[in-house]
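Asker: I would like the entire structure built from these sequences, with the hints used as guidance.
There are 2 protein chains.
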Amino acid sequence: MKIALAQLNYHVGNFESNTAKIIDTIKTARTQGADLVVFAELCICGYPSRDFLEFQEYIALGEVCAAQIAAECTNIACIIGIPTENFNAEGKDLNNSAYFIADGKVQAVVNKALLPNYDVFDEYRYFEPSTSFSCIDFKGHKIALTICEDLWNTIENPLYVTRPMDELIKEKPDVMINIAASPFAYNHDEERIAILSDNARRYNLPLFYVNHVGAQTELIFDGGSLVFDNQGNVVDELPYFKETITYYDLKDNAEIELQQPATIPAMRQNDIEQIYDGLILGIRDYFYKSGFKSAILGLSGGIDSAVVCALAADALGPENVMAVLLPSRFSSDHSLTDAEDLVKNLGCKSETVAIRSITEAFETALHPQFEGLPFNIAEENIQSRSRAVLLMAMCNKFGYILLNTSNKSEAAVGYGTLYGDMCGGISVLGDVYKTQVYQLAEYINRDKEIIPINSIIKPPSAELRPDQKDSDSLPEYDILDSILKEYLENRMSSTGIIKLGYDEPVVRRVIRLVNLAEHKRYQTPPILRVSPKAFGMGRRMPIVGKYLS
Amino acid sequence: MKIALAQLNYHVGNFESNTAKIIDTIKTARTQGADLVVFAELCICGYPSRDFLEFQEYIALGEVCAAQIAAECTNIACIIGIPTENFNAEGKDLNNSAYFIADGKVQAVVNKALLPNYDVFDEYRYFEPSTSFSCIDFKGHKIALTICEDLWNTIENPLYVTRPMDELIKEKPDVMINIAASPFAYNHDEERIAILSDNARRYNLPLFYVNHVGAQTELIFDGGSLVFDNQGNVVDELPYFKETITYYDLKDNAEIELQQPATIPAMRQNDIEQIYDGLILGIRDYFYKSGFKSAILGLSGGIDSAVVCALAADALGPENVMAVLLPSRFSSDHSLTDAEDLVKNLGCKSETVAIRSITEAFETALHPQFEGLPFNIAEENIQSRSRAVLLMAMCNKFGYILLNTSNKSEAAVGYGTLYGDMCGGISVLGDVYKTQVYQLAEYINRDKEIIPINSIIKPPSAELRPDQKDSDSLPEYDILDSILKEYLENRMSSTGIIKLGYDEPVVRRVIRLVNLAEHKRYQTPPILRVSPKAFGMGRRMPIVGKYLS
Numbered sequence: 001m002k003i004a005l006a007q008l009n010y011h012v013g014n015f016e017s018n019t020a021k022i023i024d025t026i027k028t029a030r031t032q033g034a035d036l037v038v039f040a041e042l043c044i045c046g047y048p049s050r051d052f053l054e055f056q057e058y059i060a061l062g063e064v065c066a067a068q069i070a071a072e073c074t075n076i077a078c079i080i081g082i083p084t085e086n087f088n089a090e091g092k093d094l095n096n097s098a099y100f101i102a103d104g105k106v107q108a109v110v111n112k113a114l115l116p117n118y119d120v121f122d123e124y125r126y127f128e129p130s131t132s133f134s135c136i137d138f139k140g141h142k143i144a145l146t147i148c149e150d151l152w153n154t155i156e157n158p159l160y161v162t163r164p165m166d167e168l169i170k171e172k173p174d175v176m177i178n179i180a181a182s183p184f185a186y187n188h189d190e191e192r193i194a195i196l197s198d199n200a201r202r203y204n205l206p207l208f209y210v211n212h213v214g215a216q217t218e219l220i221f222d223g224g225s226l227v228f229d230n231q232g233n234v235v236d237e238l239p240y241f242k243e244t245i246t247y248y249d250l251k252d253n254a255e256i257e258l259q260q261p262a263t264i265p266a267m268r269q270n271d272i273e274q275i276y277d278g279l280i281l282g283i284r285d286y287f288y289k290s291g292f293k294s295a296i297l298g299l300s301g302g303i304d305s306a307v308v309c310a311l312a313a314d315a316l317g318p319e320n321v322m323a324v325l326l327p328s329r330f331s332s333d334h335s336l337t338d339a340e341d342l343v344k345n346l347g348c349k350s351e352t353v354a355i356r357s358i359t360e361a362f363e364t365a366l367h368p369q370f371e372g373l374p375f376n377i378a379e380e381n382i383q384s385r386s387r388a389v390l391l392m393a394m395c396n397k398f399g400y401i402l403l404n405t406s407n408k409s410e411a412a413v414g415y416g417t418l419y420g421d422m423c424g425g426i427s428v429l430g431d432v433y434k435t436q437v438y439q440l441a442e443y444i445n446r447d448k449e450i451i452p453i454n455s456i457i458k459p460p461s462a463e464l465r466p467d468q469k470d471s472d473s474l475p476e477y478d479i480l481d482s483i484l485k486e487y488l489e490n491r492m493s494s495t496g497i498i499k500l501g502y503d504e505p506v507v508r509r510v511i512r513l514v515n516l517a518e519h520k521r522y523q524t525p526p527i528l529r530v531s532p533k534a535f536g537m538g539r540r541m542p543i544v545g546k547y548l549s
Numbered sequence: 001m002k003i004a005l006a007q008l009n010y011h012v013g014n015f016e017s018n019t020a021k022i023i024d025t026i027k028t029a030r031t032q033g034a035d036l037v038v039f040a041e042l043c044i045c046g047y048p049s050r051d052f053l054e055f056q057e058y059i060a061l062g063e064v065c066a067a068q069i070a071a072e073c074t075n076i077a078c079i080i081g082i083p084t085e086n087f088n089a090e091g092k093d094l095n096n097s098a099y100f101i102a103d104g105k106v107q108a109v110v111n112k113a114l115l116p117n118y119d120v121f122d123e124y125r126y127f128e129p130s131t132s133f134s135c136i137d138f139k140g141h142k143i144a145l146t147i148c149e150d151l152w153n154t155i156e157n158p159l160y161v162t163r164p165m166d167e168l169i170k171e172k173p174d175v176m177i178n179i180a181a182s183p184f185a186y187n188h189d190e191e192r193i194a195i196l197s198d199n200a201r202r203y204n205l206p207l208f209y210v211n212h213v214g215a216q217t218e219l220i221f222d223g224g225s226l227v228f229d230n231q232g233n234v235v236d237e238l239p240y241f242k243e244t245i246t247y248y249d250l251k252d253n254a255e256i257e258l259q260q261p262a263t264i265p266a267m268r269q270n271d272i273e274q275i276y277d278g279l280i281l282g283i284r285d286y287f288y289k290s291g292f293k294s295a296i297l298g299l300s301g302g303i304d305s306a307v308v309c310a311l312a313a314d315a316l317g318p319e320n321v322m323a324v325l326l327p328s329r330f331s332s333d334h335s336l337t338d339a340e341d342l343v344k345n346l347g348c349k350s351e352t353v354a355i356r357s358i359t360e361a362f363e364t365a366l367h368p369q370f371e372g373l374p375f376n377i378a379e380e381n382i383q384s385r386s387r388a389v390l391l392m393a394m395c396n397k398f399g400y401i402l403l404n405t406s407n408k409s410e411a412a413v414g415y416g417t418l419y420g421d422m423c424g425g426i427s428v429l430g431d432v433y434k435t436q437v438y439q440l441a442e443y444i445n446r447d448k449e450i451i452p453i454n455s456i457i458k459p460p461s462a463e464l465r466p467d468q469k470d471s472d473s474l475p476e477y478d479i480l481d482s483i484l485k486e487y488l489e490n491r492m493s494s495t496g497i498i499k500l501g502y503d504e505p506v507v508r509r510v511i512r513l514v515n516l517a518e519h520k521r522y523q524t525p526p527i528l529r530v531s532p533k534a535f536g537m538g539r540r541m542p543i544v545g546k547y548l549s
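Protein sequence lines, in the order shown, are assigned to chains A and B. If you read the first sequence in the working numbering, its first letter stands for residue 1, the second for the next number, and so on. If you read the second sequence in the working numbering, its first letter stands for residue 1, the second for the next number, and so on.
Simulated from the structure, these hints should not be mistaken for laboratory data. A portion of the hints provided could be inaccurate.
Unchecked claim - Pairs of lysine to aspartate or glutamate, DMTMM-like flavour, derived with a Cα cap of 20 Å:
1. 546(B) to 57(A)
2. 172(A) to 229(A)
3. 533(B) to 57(A)
4. 293(B) to 518(A)
5. 397(A) to 360(B)
Answerer: Next comes the structure, spelled out in structure tokens:
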């Protein structure tokens, strides 16, 4: 049986483009002699469709497209992912399904049994879990078809009370196919390989696994689809962050013959390389899928906006990036020259708009109210917010999308101005700690100096008052980031983190800052997710809650 | 058996204040001769605790507090709601539990079986559903104790495959107790009474039902706890929107004797009265639970900000409300006088800050970029954003929280300026359609003219360009709101709404506007929820999705 794996970039809700892409791929696969082409989970509507799934018309559109796809399936079979109506009276209205289509019609329906409902996942919000299991017979093979999480109920920490493969194995299948929507995090590829390999070995079956590639708002799908032999060895690993179609011949003795050279990487990408590639895809898809092509950002001369500018130039082309220098009376000379050097190195567009006359207009207007009161965070924020108003005015006038340049460390402790530097259509670095931003800068400079070295080595500063430095208000970033990682990613509380050896007052203060900044993060742009725990849809916190605050 | 119902206002994560309140109530109830005092679902930590539940320390704190409460339970029993560790190896880490406490210790644990995971609810994110059921014996009675949703698997549209009472009834209980966390929506009280009454009648048992009261960020709990006889008749209905403790004697013949006059309302509050009371509680708890007492808002002379100002004055006291008049060159004279009249009627504080010099400073600064281009939305938004910068500066200087004044109709179609009039700590009217805002204004004016009649009768306008009116860009609000309600609350798609008789181009345009404004709503403040479908945590939509847009 010749199997094609289609690792494609879909667009949520765009049934027309998704279906066209699926049909094109079926046609191509047929010319290549494939018997079966496998698409990803919920490919017909894109993932995650979120509450669009609550519209009956949305579900009906999926069926219309499935019928169009079925009509193309002559002399070739395919597996697609689709949300379907649950015809049982009891339970949720929908199932998360896979259609096995051959000879022009749907021959078998498999429903997902294990529904992830943690972090960014809300599948039990929409779908009823399956409780019945059966294999699919095709061309003398018996296929155990499962959907993503169905293979993820680990032995060590079982999150679910059932394990679909334990049922399917009773029918003695000779191959497993798993269609998935498994989003990127910089450490997720190795975990994915380990868990899937464990399944192949445990059930002594070859395994074909197809993932999405492409970004949907904040969620980036990295591809990296996989083929394992029945010993759990990786036979092929599809490229990361790009669309690919590959072909395999599954022999009757369970051997797998590749129809093209394997693309297993000789060396795994390190975290920073993966984050870089993920962010590029995230920016690009956010713009293109929204129908925009040009970005704007405020360039301060600091490292965060420099890294965002370099990423945007790579993702969208430097000609589609407008960098705006917005000096205030507290901006240092080197900030301007560093920003200008970056613009020159990247070849992007730039403008300079001084904000002094604007902040003075605000201060004059507020003089009756503020008279006699000392300069404080009110005046600092007026600067940051004036910049945002200018950048948004240019968005409104010229059709840019503003890129947010806050990093995860700042977003965590609320070191940023709401409606000021926290503005933007999409946050590029909101899931990247400051220490990682430095690593990204070094990676960007790996061949030549793109980000001016001065932007990298100078002490970080918001430059909202004379001689201000981040370290006046915050611990050093290596300490801060370590504490944040324990709290955010490992859900360790203050007591636990202090036991690891961190200074008690620092830990308590950092965690208190994180919890008090919840109201700010609530109103920030979607953040491209590159870690196992990003701010946004995957981390849901009360605002008026009183805990560690 | 003498039963006390404790309808209390908890604070999410504030174990200390919640526990103190529970212990105080136990002491009071004991002096009143109660045998059993019933508290609400998850009262120990507040509802919804959201991802705080993922911290082991948070769960451990609950147990510490439960032990303190148990120590108080001599000569009285109580039922509390608490998140507990799931000791089974398989499944989610937690259960949503009720402790039955007597003689100083936990005598029985009941775990919730039906976990709401729709709209604002995420319970399957944290909890494993119970699959075993047993009653509690106490003082010669057999209590069927369930938790909220456990009684909500309706016959007509069963969302779950089990029904806990069908199991518990086998043990022949003589009373049902249900502890709940059932948030307010203007039509929810009657639905709640109907469903609970149906349970009492079906199982032929008296039913005691205890709800939360108080707001947690955007979610408002309205109280309205209930007592039914075994025919499903309402025996008592506790007050809405306030804390109350009531006492009942449950006789051996299942008769219920009230120990105080019943508070069943002679006439149900209409939608607008309920919304008014809900918003007052929502504002008050947002401020007090955050440790703030004073609000600021921009007063335009229009109806939305007038209604918010009146609500804030009622909720926080007029002395804690600062109304700021921010006229531009496009503000009409009557706008200023209408705003001034309102300030006088309410007795709140006010300031006037003209924005003309500020918008001119922006336009001058942007002159090199904007030269020769016509006045458009860029300049309109500069006005709105300049106001936001001024209001936020006053927040930063004086410690106010900014109240957002956008209504649901505007929020739906994106008729508002991100980082401008869409700013604020909490949105008061974001779940109130414009047509309902008029009704609120009339209700506020029921005894005398508080909101100037001119603010009510003049055509709505954003006043961001000469002679602008909302109706230039939008359908009339009665049409718009009807279409929005079908789309948002009834999840009807364009085709369905057009079939109801609405004009096709209008419907398609409105729905397209709603979907295109998703990126704006993502960054708006939490919205006090008063309807069955509010923007925010209960409505989760993709931003780059392409559906009906």
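Asker: Now, for every hint given, state plainly whether the structure supports it.
Answerer: Evaluated hints:
For the hint linking residue 546(B) to residue 57(A), the alpha-carbon distance of about 14 Å falls within 20 Å, and the restraint holds. About 16 Å separates the Cα atoms of residue 172(A) and residue 229(A), which keeps this hinted pair within 20 Å; it holds. Simply put, residue 533(B) and residue 57(A) have alpha-carbon atoms about 19 Å apart, close enough for the 20 Å limit, and the pair holds. A threshold of 20 Å between alpha carbons decides the hint, and for residue 293(B) with residue 518(A) the separation of about 19 Å falls inside it, so the pair holds.
A distance of roughly 16 Å separates the Cα atoms of residue 397(A) and residue 360(B); the hinted pair therefore holds under the 20 Å criterion.
Comparing the model with each numbered hint stated earlier shows that all of them hold.
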